[in-house]
Structure formats: structure tokens, C-alpha cells
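Enquirer: Residues per chain, in single letters:
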Amino acid sequence: MITIFINDKPYKVEAEQTIMQAADKLGFHIPRLCYHPKLSIEGACRVCIVEVVGMRNYVASCAYPVSEGMKIYTNTEEIRRARRDIVELILDNHPEDCHTCERDGNCELQRLAFAMGIRKRHFEGEKKHYEKDLSSASVIRDPNKCILCGRCVRICSEIQKVNALGYAHRGFKTVVMPAYNMPFKDSVCTTCGQCINVCPTSAFIEKNFTQELFQKLGDKSLIKVAQIAPSVRAAIGEAFALEPGRQLEKELTAALRKLGFDYVFDTQFSADLTIMEEASEFLERFQGKGRLPMITSCSSAWMKCLEQFYPDLIDNVSTCKSPMSMASALVKSYFAKKINADPKKILSVACMCCTAKKYEALRPELMVDGMQATDIVVTTRELAWMIKSAGIDLLHIKGEEFDHPLGYSSGAGTIFGVTGGVMEAAIRTAYELYTGETLLDIEIQDIRGLKGVKEGKLVIDGKEIRIAVAHGLGNANEILNTIRKDPQRYHFVEIMGCPGGCIGGGGQPYAGSNSLPLDEECLKKRAEALYGLDRNKTIRRSHENPDVQRLYKEFLGRPLSAMSHKLLHTHYSPKQPPGIIPAELSAK
Amino acid sequence: MIAEDDKRIVELRTFMQEAKTKDHPDSQLISILHKAQELYGYLSQEAMTEVAKEMNIPTAHIWGVATFYHYFNLKPKGKHSISVCLGTACYVKGAEEILNSIREELNIDFGQTSSDNLFTLQEARCLGACGLAPVIMIDDKIYGSLTPKKALEIIKSYKK
Numbered sequence: 009m010i011t012i013f014i015n016d017k018p019y020k021v022e023a024e025q026t027i028m029q030a031a032d033k034l035g036f037h038i039p040r041l042c043y044h045p046k047l048s049i050e051g052a053c054r055v056c057i058v059e060v061v062g063m064r065n066y067v068a069s070c071a072y073p074v075s076e077g078m079k080i081y082t083n084t085e086e087i088r089r090a091r092r093d094i095v096e097l098i099l100d101n102h103p104e105d106c107h108t109c110e111r112d113g114n115c116e117l118q119r120l121a122f123a124m125g126i127r128k129r130h131f132e133g134e135k136k137h138y139e140k141d142l143s144s145a146s147v148i149r150d151p152n153k154c155i156l157c158g159r160c161v162r163i164c165s166e167i168q169k170v171n172a173l174g175y176a177h178r179g180f181k182t183v184v185m186p187a188y189n190m191p192f193k194d195s196v197c198t199t200c201g202q203c204i205n206v207c208p209t210s211a212f213i214e215k216n217f218t219q220e221l222f223q224k225l226g227d228k229s230l231i232k233v234a235q236i237a238p239s240v241r242a243a244i245g246e247a248f249a250l251e252p253g254r255q256l257e258k259e260l261t262a263a264l265r266k267l268g269f270d271y272v273f274d275t276q277f278s279a280d281l282t283i284m285e286e287a288s289e290f291l292e293r294f295q296g297k298g299r300l301p302m303i304t305s306c307s308s309a310w311m312k313c314l315e316q317f318y319p320d321l322i323d324n325v326s327t328c329k330s331p332m333s334m335a336s337a338l339v340k341s342y343f344a345k346k347i348n349a350d351p352k353k354i355l356s357v358a359c360m361c362c363t364a365k366k367y368e369a370l371r372p373e374l375m376v377d378g379m380q381a382t383d384i385v386v387t388t389r390e391l392a393w394m395i396k397s398a399g400i401d402l403l404h405i406k407g408e409e410f411d412h413p414l415g416y417s418s419g420a421g422t423i424f425g426v427t428g429g430v431m432e433a434a435i436r437t438a439y440e441l442y443t444g445e446t447l448l449d450i451e452i453q454d455i456r457g458l459k460g461v462k463e464g465k466l467v468i469d470g471k472e473i474r475i476a477v478a479h480g481l482g483n484a485n486e487i488l489n490t491i492r493k494d495p496q497r498y499h500f501v502e503i504m505g506c507p508g509g510c511i512g513g514g515g516q517p518y519a520g521s522n523s524l525p526l527d528e529e530c531l532k533k534r535a536e537a538l539y540g541l542d543r544n545k546t547i548r549r550s551h552e553n554p555d556v557q558r559l560y561k562e563f564l565g566r567p568l569s570a571m572s573h574k575l576l577h578t579h580y581s582p583k584q585p586p587g588i589i590p591a592e593l594s595a596k
Numbered sequence: 109m110i111a112e113d114d115k116r117i118v119e120l121r122t123f124m125q126e127a128k129t130k131d132h133p134d135s136q137l138i139s140i141l142h143k144a145q146e147l148y149g150y151l152s153q154e155a156m157t158e159v160a161k162e163m164n165i166p167t168a169h170i171w172g173v174a175t176f177y178h179y180f181n182l183k184p185k186g187k188h189s190i191s192v193c194l195g196t197a198c199y200v201k202g203a204e205e206i207l208n209s210i211r212e213e214l215n216i217d218f219g220q221t222s223s224d225n226l227f228t229l230q231e232a233r234c235l236g237a238c239g240l241a242p243v244i245m246i247d248d249k250i251y252g253s254l255t256p257k258k259a260l261e262i263i264k265s266y267k268k
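So the protein lines, in turn, are chains A and B.
Per my numbering: the first sequence = residues 9 to 596.
Per my numbering: the second sequence = residues 109 to 268.
Quick caveat, the hints were computed from the structure, so don't treat them as lab data.
Incorrect hints may have been included.
[To be verified] Straight-line alpha carbon distances no greater than 30 angstroms define the calculated DSSO-like cross-link-like pairs of lysine-lysine that follow:
1. Lys185(B) to Lys161(B)
2. Lys583(A) to Lys201(B)
3. Lys249(B) to Lys493(A)
4. Lys583(A) to Lys115(B)
5. Lys193(A) to Lys130(B)
6. Lys136(A) to Lys115(B)
7. Lys161(B) to Lys493(A)
8. Lys161(B) to Lys583(A)
9. Lys183(B) to Lys249(B)
10. Lys181(A) to Lys193(A)
11. Lys228(A) to Lys181(A)
12. Lys136(A) to Lys185(B)
13. Lys493(A) to Lys187(B)
14. Lys183(B) to Lys140(A)
15. Lys187(B) to Lys115(B)
16. Lys46(A) to Lys249(B)
17. Lys79(A) to Lys135(A)
18. Lys181(A) to Lys268(B)
19. Lys193(A) to Lys115(B)
20. Lys161(B) to Lys181(A)
21. Lys183(B) to Lys143(B)
22. Lys183(B) to Lys181(A)
[Said to hold, decoys possible] Here are a few chain B residues that sit away from chain A, every Cβ distance over 12 angstroms (derived from the structure):
23. Thr122
24. Thr157
25. Ile165
26. Pro166
27. Val173
28. Gly186
29. Ser189
30. Glu204
31. Asp247
32. Asp248
We put the beta carbon where it would ideally sit given N, CA and C, even for glycine.
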């Protein structure tokens, strides 16, 4: 322990930490912008400057270490003025269009400017003018809004290891862009949307479908069908200023009906279905028919990542479509038949925690009878906005139940939203399908939690099955390279593209004024919301879902049948976007 | 596309192999890009992708380095480079008119290359030939006491 002085008061603190870290623990929140605890230190924005006695210049507290006897001032008149000038200079090259901006009221720069006491603008200089990149199916890049904090560049390279973004040019002309300034859609971007989550402004936002959806909801000739992903219910409350961790399943169902949907289904139903297909596929492979380890295929960002960076592992990946695409395929076939409707008259809308699902919906491989199965994907954020905009009181609405036949789910379908959940759900079913006995201890702790790579073992009928789980594409990279070197190491692997799994998806509510994107405490609470729903269900195994059983009896036959293959399975092929780098990815 | 039997790609690859044996191969990036530019005259996307693959450095990062330094050309250069002196003496003697006539004739601006790939236009700030102002330099030859008409005649002579 060493002694430092902050604003003339002595404090005992640990050595080997930065001024900001020490100050945080002591209750001094030094203003900051480019800093993020999960990312490397950039020191780019200079907002977190403090005065250190004896130093000629102010130092960036995010990067400067404490030392014995150090005298630090965080809030003198001069520091306040310097900080305010820095933020003003950032604002000076930022569009003055807050009231029409997607992030109005939810922007870190706006909050910071307010906190710095900027009430009048002193500088007036040149502003940058660039075209927005609207090419991607999921993520819009608007360099005009960018303040060059570099969080997007760092999350893309350090956490996701995709390296789609870099700084190009220099000085005033610096722009964050993909290699060769190519359109986003042609780049290696996996559309995971984590850049949106960490962006303090709206330099990255999702492609917004709210207006189009409002318009279609008013079209009386259409049959409007919605589905909700597990993680949406676990997080949407945060967009309504609730503390993380409160699930709003029934309220959301009611709200979607009030928005104008004729049927509200649950992606958790098709998650159960995914498990029936995926567990059966795993057991086939385990018995020698197909390549092991088998890798899950639910995450759309992972699908794109696989095709670009790991084409050699395509045969390892399950052919199962994602739950969203399974549900949509059934909506336009099984369900259309049930209600005797022309599938072309059905509008199939997916409410997802994910930006990559917008990309997935457009994958030509997922067409059903020449139709796009999922017509529109909206993120949790877009949905929250629509509910507010339509004047629906989500928090005080009377809860309602999902519609049949695609609305009932087991607890296994619920936990799909959390890292490790798909694996846990698959094991609950695979065990019983293989042994004929019921697995009693169904909560598999080894693969729960937020550790980047989790491993576990279980014994089915005397045979050991080695499993592994990774969330975030950077952690996935670790497991996938292990598989390349040692294909025998695992039998079954779950990969989710986003940190925390779908609960940490690129379409989830922005962090509030007291939290940070990627905050583990928040992710844990969202996870607990889903685990709680699972615990409260009587049916917690996918194969016991009566509606799934009925679907097989009436329509599909059995798992992996010809009909299942037509509607519920897909395929992948290698893709080589220009500017790709292969094999061993390294963070830059 | 880069032809596999191209001597230049063989040389670039050899250069990179050597770079990889050094302590911090990543830090050799700038010298590798210099080498690529020396071989091809500019940095094509194909060349940068080649460097990315061989050195295992993300292309977004290479693009960042290539666009940061003015020295790197991202477009092929013309057969001849025309430098128009905009130094004080030339400027006073009418360099701007000369520049405008060249711009119009070749339909290019500074840093750009004419569509027939013959000329790349550059700006110079004094070529040390103020007595001959206004001057232009084509490749390493200086032409002085110009009028717009004379300048265009000289350029025409390079088209043959």
C-alpha cells in the first residue's frame, strides 16, 4: 500500500494501478470518454486529465500510474476549464443535430458535455463531412458522428478479434473505416454490432426498420406475426429505466399485440425445436456419422465469421438453422397451413437482441419456397423505441400469453440466451435420447458463468463426452484454434458471437448513465433473469415440450427427417471478402 | 491480380520471409510496404492483401499505415510525373494559369493520374530555378519561361 493525496486528502491505495483506478475505488469518478475497462488503454480523448504536482503538464489519469506521495488534483478550476475545453473541441467537430440524432438522450458525449457544464460554445471551426456507409444489412457507419475514441476499433480487434476496423488517414482527416475504405457489407465485419454497444455517439448504429414496420403493421391485408428472442425479455426493461435483471415476457407479448401483431410467438419454442434437431444430429455424429467436434450454429455473427475465417471447420458446424430462422420457416409453412393462409400474405417479424440477425434474415440459403422466411428483424432497442413511440405503457400493461402453436417453450429454450445455454439445453435432451433415462441434475454449472472459455465433461452411458463453450468471437478463436490443432479434444462445442451470449447482443439496450457497455454485473443479472424463468418452469427439457411433440407428429415426422431437413437445416460455404486475413488471427 | 510467376512478388515474399525472422515482425510493416511500393510503383490492394496474409497483420491495420504516410501511393503513377512549381517567383510569374491549363488538358488534379496513365500531376514548392520562372518539371527535366500554350506543347511532345 502507498499513500497518495487526492484534492489534499491522504488515502492508502494499492500500488501498481492507474490514477483513475485508484480514484474510482475512492469514489472520485474522473470524467472519461475513450477509456473502457475491458479494452486496452488508448489515452486518445484526454478528457480524464488530472493535475499531478511536479508534472509539467496535466496527465491522462487512465494511463498514468500512482506512486508514493503523489499529489493529485481532480477538480481545480484550471482542470475543470481544461477538461471543458477538450470536450468543447470534440463537440466543435461534431454535428450539431442532437435533437434529430438516433442517440438523443442516450449519448455519452451529450451527457459528458452536460456534466462539463458546457452551456455556450466558444469555438467555431471546420467540420468534417463524409458519406454514411449504408451498405451493411445490419450496421450503419456514420463517420460524421465519430469522435475517434477508438472503442469500436479496440472491441473489434481485442474482444472479437475480427479486425474489421482501423484508423485511416491522419490528423483532421482521420476516419475509422474498414480496410481499403470498402463498403461495410463487403468487409470482414461479422455484423455482431458490438461497435454499436461501445460507441459513445451514433457513429455506429443498427440499420433501423422501425418506420417500415410501423407502416406494415398498418397494412390490413397482411397477417402480422412476431417472435421474441429469449434475451429481449431479459433486457428490454433497461430501456425503460428498470434495473437490469427484470424479465418482461408477458408484458412484451401484450405490447406486441397492442402494436398490431396478430400472432405473437416465442423464439424459445423454436429453440426447443433446435435442440431436438441439434441433439439428434450430435448423437448421429457421436455414433460415427459425421465430423466431430460438432459446433453450434445459432449465432449469426458466428456464421459469417465461420465462413470467412474458419472455412476448414464448416463440416464441424451443425446444419441446424438458428431458432429465429426455424421459427420463421415454420410460420411460412406449418403455421400458414394451420390457419389456411397464403404464406405470401404473412409478415414474419423477429424481435432480436442481435444486429447480425438482420444479416441472417437475408441469407439466400434460408429462403423457404422462394420466400424470405424472416421479413423484418428489429433489435431490442428498436422494439423499445416502437413501444414508447406508440404510447404503450410496457411497465404497467397486463401481461398476456404467447399464441399457439409456436409459443410454448421449456426452460431449456429459455436459457438459449445465455452463454452455455444451448449446450446445457442440448445435454438435457441428448442424455435422455441416448440413454432413455432422465438426466436429474440438469443445471450444468461448469458451463455457466462469464469465463471466456468453459470446459466440461459428462458421462453418457459410460462414454465420456467433452464439451466446451465460448462467447465472444475472440474467445471462440481460442477454442477453434485448439480444435484445429487437436480435433479429438472436444465432442461438442458451443459458440456465441457476443460477450455473454445473446444477452450481450449488439442490439441490446444502451448502457444507462450509471453503467457501461459490456458490464459483467449487468450481463449476470440478465442471465439470472433467464435462469429464473427456467427454474420456474415445470417443463425444463426441450423434448418434453408438448407443442414440439405435436409439431413432429403432425408435420415433421421425426428429428432429421426429410421435412426437417427442408425447413430446419441449412449449409455454409467459404467466403473470401477482399482484405481478409486467414488462419491465426491476432489482435492489433 | 498478382501473377504468381511475377518476379516482383517473389522478391516481396522473400523480403517478408526475412522480416519474419526478426524480433518483432509486425514492426517491419513499414519497410515491407516501402519494398512493395519500390517493386510496383504504388500499393495496390492486392499487394497489401498479400502482405496481410504473409505477415498475419489485419488489412484494416495495413490500410491505416498505408493511408497515414504521404509517401505511400495508393494509386498507380503515370509514366511521367509533372511537377508544377507554385513557389513565390513562379506564382508571381503566372504559375497558376499554367497549372490550370494543364489541369484542363489532362483532366486531373494534384495527386491524380491521367486516364491514359501517361501523367501524374504534382505540386512543387520551388525547384531552385526561379530565374526561369514560371517552371514545370517533367520527370527530371526542367522547362522554364513558360506560357500556358508552351506548357501544353511540351506535354504534347511526351505523348508521342
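Enquirer: Compare the structure with each hint and give your call.
Expert: Structure-based check of all given hints:
no. : hint                   : result
1   : Lys185(B) to Lys161(B) : holds, 25 angstroms
2   : Lys583(A) to Lys201(B) : violated, 58 angstroms
3   : Lys249(B) to Lys493(A) : violated, 60 angstroms
4   : Lys583(A) to Lys115(B) : holds, 29 angstroms
5   : Lys193(A) to Lys130(B) : violated, 36 angstroms
6   : Lys136(A) to Lys115(B) : violated, 43 angstroms
7   : Lys161(B) to Lys493(A) : holds, 20 angstroms
8   : Lys161(B) to Lys583(A) : holds, 16 angstroms
9   : Lys183(B) to Lys249(B) : holds, 23 angstroms
10  : Lys181(A) to Lys193(A) : holds, 23 angstroms
11  : Lys228(A) to Lys181(A) : violated, 49 angstroms
12  : Lys136(A) to Lys185(B) : holds, 28 angstroms
13  : Lys493(A) to Lys187(B) : violated, 50 angstroms
14  : Lys183(B) to Lys140(A) : holds, 24 angstroms
15  : Lys187(B) to Lys115(B) : holds, 21 angstroms
16  : Lys46(A) to Lys249(B)  : violated, 57 angstroms
17  : Lys79(A) to Lys135(A)  : violated, 38 angstroms
18  : Lys181(A) to Lys268(B) : violated, 39 angstroms
19  : Lys193(A) to Lys115(B) : violated, 34 angstroms
20  : Lys161(B) to Lys181(A) : holds, 28 angstroms
21  : Lys183(B) to Lys143(B) : holds, 16 angstroms
22  : Lys183(B) to Lys181(A) : holds, 19 angstroms
23  : Thr122                 : holds, 20 angstroms
24  : Thr157                 : violated, 6 angstroms
25  : Ile165                 : violated, 7 angstroms
26  : Pro166                 : violated, 3 angstroms
27  : Val173                 : violated, 9 angstroms
28  : Gly186                 : holds, 22 angstroms
29  : Ser189                 : holds, 23 angstroms
30  : Glu204                 : holds, 24 angstroms
31  : Asp247                 : holds, 29 angstroms
32  : Asp248                 : holds, 30 angstroms
Checked against the numbered hints given earlier, the structure breaks hints 2, 3, 5, 6, 11, 13, 16, 17, 18, 19, 24, 25, 26, 27 and satisfies all the rest.
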